[in-house]
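All chains, full assembly: derive it from the sequences and hints.
Going line by line, the protein sequences match chains A and B.
Here this note's numbering is used: the first residue of the first sequence is 1, the next is one more, and so on.
Here this note's numbering is used: the first residue of the second sequence is 1, the next is one more, and so on.
In case anyone wonders, no lab produced these hints; they're calculated from the structure.
Predicted model, so just to flag it, every value in this text is computed and none were measured.
Every residue, glycine too, gets a C-beta built ideally from N, C-alpha and C.
Certain hints may be false.
[What the hints assert, rightly or not] Derived CB-CB ranges, DEER-like: (1) A/Asp123 / B/Ala55: 24 to 30 Å; (2) A/Glu109 / B/Ala118: 30 to 36 Å; (3) A/Gln32 / B/Leu93: 22 to 28 Å.
[To be verified] Some chain B residues close to chain A (C-beta under 8 Å, calculated; not the full set): (4) Ala55; (5) Arg75; (6) Ala92.
[What the hints assert, rightly or not] If you only want the chain B side, here are some residues facing chain A, beta carbon under 8 Å, derived: (7) Asp131; (8) Tyr137; (9) Ala151.
There are 2 protein chains.
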Amino acid sequence: MKVYLAGPEVFFADGEALIQRKRALTIEYGFQPNIWMGDAEIPNEKFGSGLYISAANEVVMRDSDFVIANITPFRGFAADVGTAFELGFMCALDRPAFAYSNDPRHYEERITGYFDGALAIRDDGVFRADDGQMVEYHDMADNLMLDGGIAARGGIVARPKSGPVLPQDDLSMFEECLAAARRFFDGRSA
Amino acid sequence: MKVYLAGPEVFFADGEALIQRKRALTIEYGFQPNIWMGDAEIPNEKFGSGLYISAANEVVMRDSDFVIANITPFRGFAADVGTAFELGFMCALDRPAFAYSNDPRHYEERITGYFDGALAIRDDGVFRADDGQMVEYHDMADNLMLDGGIAARGGIVARPKSGPVLPQDDLSMFEECLAAARRFFDGRSA
Numbered sequence: 001m002k003v004y005l006a007g008p009e010v011f012f013a014d015g016e017a018l019i020q021r022k023r024a025l026t027i028e029y030g031f032q033p034n035i036w037m038g039d040a041e042i043p044n045e046k047f048g049s050g051l052y053i054s055a056a057n058e059v060v061m062r063d064s065d066f067v068i069a070n071i072t073p074f075r076g077f078a079a080d081v082g083t084a085f086e087l088g089f090m091c092a093l094d095r096p097a098f099a100y101s102n103d104p105r106h107y108e109e110r111i112t113g114y115f116d117g118a119l120a121i122r123d124d125g126v127f128r129a130d131d132g133q134m135v136e137y138h139d140m141a142d143n144l145m146l147d148g149g150i151a152a153r154g155g156i157v158a159r160p161k162s163g164p165v166l167p168q169d170d171l172s173m174f175e176e177c178l179a180a181a182r183r184f185f186d187g188r189s190a
Numbered sequence: 001m002k003v004y005l006a007g008p009e010v011f012f013a014d015g016e017a018l019i020q021r022k023r024a025l026t027i028e029y030g031f032q033p034n035i036w037m038g039d040a041e042i043p044n045e046k047f048g049s050g051l052y053i054s055a056a057n058e059v060v061m062r063d064s065d066f067v068i069a070n071i072t073p074f075r076g077f078a079a080d081v082g083t084a085f086e087l088g089f090m091c092a093l094d095r096p097a098f099a100y101s102n103d104p105r106h107y108e109e110r111i112t113g114y115f116d117g118a119l120a121i122r123d124d125g126v127f128r129a130d131d132g133q134m135v136e137y138h139d140m141a142d143n144l145m146l147d148g149g150i151a152a153r154g155g156i157v158a159r160p161k162s163g164p165v166l167p168q169d170d171l172s173m174f175e176e177c178l179a180a181a182r183r184f185f186d187g188r189s190a
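Structure (structure tokens):
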């Protein structure tokens, strides 16, 4: 079983070491971390290199049996948008999807600092900021398309039960996904 | 031809009016804005209602011929993650994809304010922040999976050529997508 490991680790200052640890853990759980094995001739051009990496990632996704996505908030209040794209891509292919966040909070708890004033259920029954913006209020880790797409395919969104945000090199929530995927596939073949 | 209109407008304080304007423009260009026509029995429960809306949106996406996504930065420096998920979903189904941003800047120009210090190409040849984080540097509107997925399917990412960020109720970039989609499908049937 090949797994696509989606997440923003490639952007971290210490990303390569973390990616290698994730791949090693994946193998411990009996899965193969799927990676691009094509030639390494990435065009030496800003736009073209982006297209090349995008196409390569799409090939690897189509060749993967499932996805584990790191949706820990990235440079703001929400998941990395590249990771969100990939999660949607795999859901459309109906591949089982798992995700984790090192932040224990629901989206509606995490986003409060973004707005002036309090978030509350208003007279129209909708959860809104003072400026009228609607805020998702579903006890989910992030936008309902992410959590919903994962749940619809039998996956889980692993988060700490409480406490502070875990450091970005803490892989305990990633391991919860690996264990859940192990149970998912073992149950299917039993 | 049915189009899935992806974007964070539902969260805007004045979102409903803007959504109606987008639907009217879509019809002017000869397309049908695709919307959920199922029953309106959304569960009166936080988590369950999220699952319901997610499943409904997936049904509408599978029933749509193409997508136009509003990837204007939302509550931060990047596109709405629900919109990114939906763009990935439609790309996996190999439906033509178009997107627009009311912000003229590349991601690498827009994100600078997030970091302490300057972004620059470092000794290892990689565009990084002072803290070592890698920053995408592809002259793209957002993460390469979004721009790349759109380009691979013949779509465009419409942005203002220069100047300030357009107001969120400015639909000129949305109209550029409609015009490009019109050309795309007229060319295919010619």
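Do the hints match the structure? See the list:
Distance hint check: the CB atoms of aspartate 123 of chain A and alanine 55 of chain B are about 29 Å apart, consistent with the given range 24 to 30 Å. Evaluation of the 30 to 36 Å hint for glutamate 109 of chain A and alanine 118 of chain B yields a pass: the beta carbon distance comes to about 34 Å. The hint said 22 to 28 Å for the Cβ distance between glutamine 32 of chain A and leucine 93 of chain B, and at roughly 26 Å that hint holds. Given hint, alanine 55 of chain B at the interface with chain A, holds; its Cβ is 6 Å from that chain's nearest Cβ, closer than 8 Å.
Contact between arginine 75 of chain B and chain A, as hinted, is supported at the beta carbon level, the nearest pair being about 6 Å apart and thus within 8 Å. Residue-level restraint check for alanine 92 of chain B holds (minimum Cβ-Cβ distance to chain A is 4 Å; threshold 8 Å). Because the closest C-beta pair between aspartate 131 of chain B and chain A is about 6 Å apart, less than 8 Å, the hint holds. The interface hint given for tyrosine 137 of chain B is met, as the beta carbon of that residue sits about 6 Å from the closest beta carbon of chain A, less than 8 Å.
Of the supplied interface hints, the one on alanine 151 of chain B holds, with its beta-carbon coming within about 6 Å of a beta-carbon of chain A, less than 8 Å.
Comparing the model with each earlier hint shows no violations; every hint is respected.
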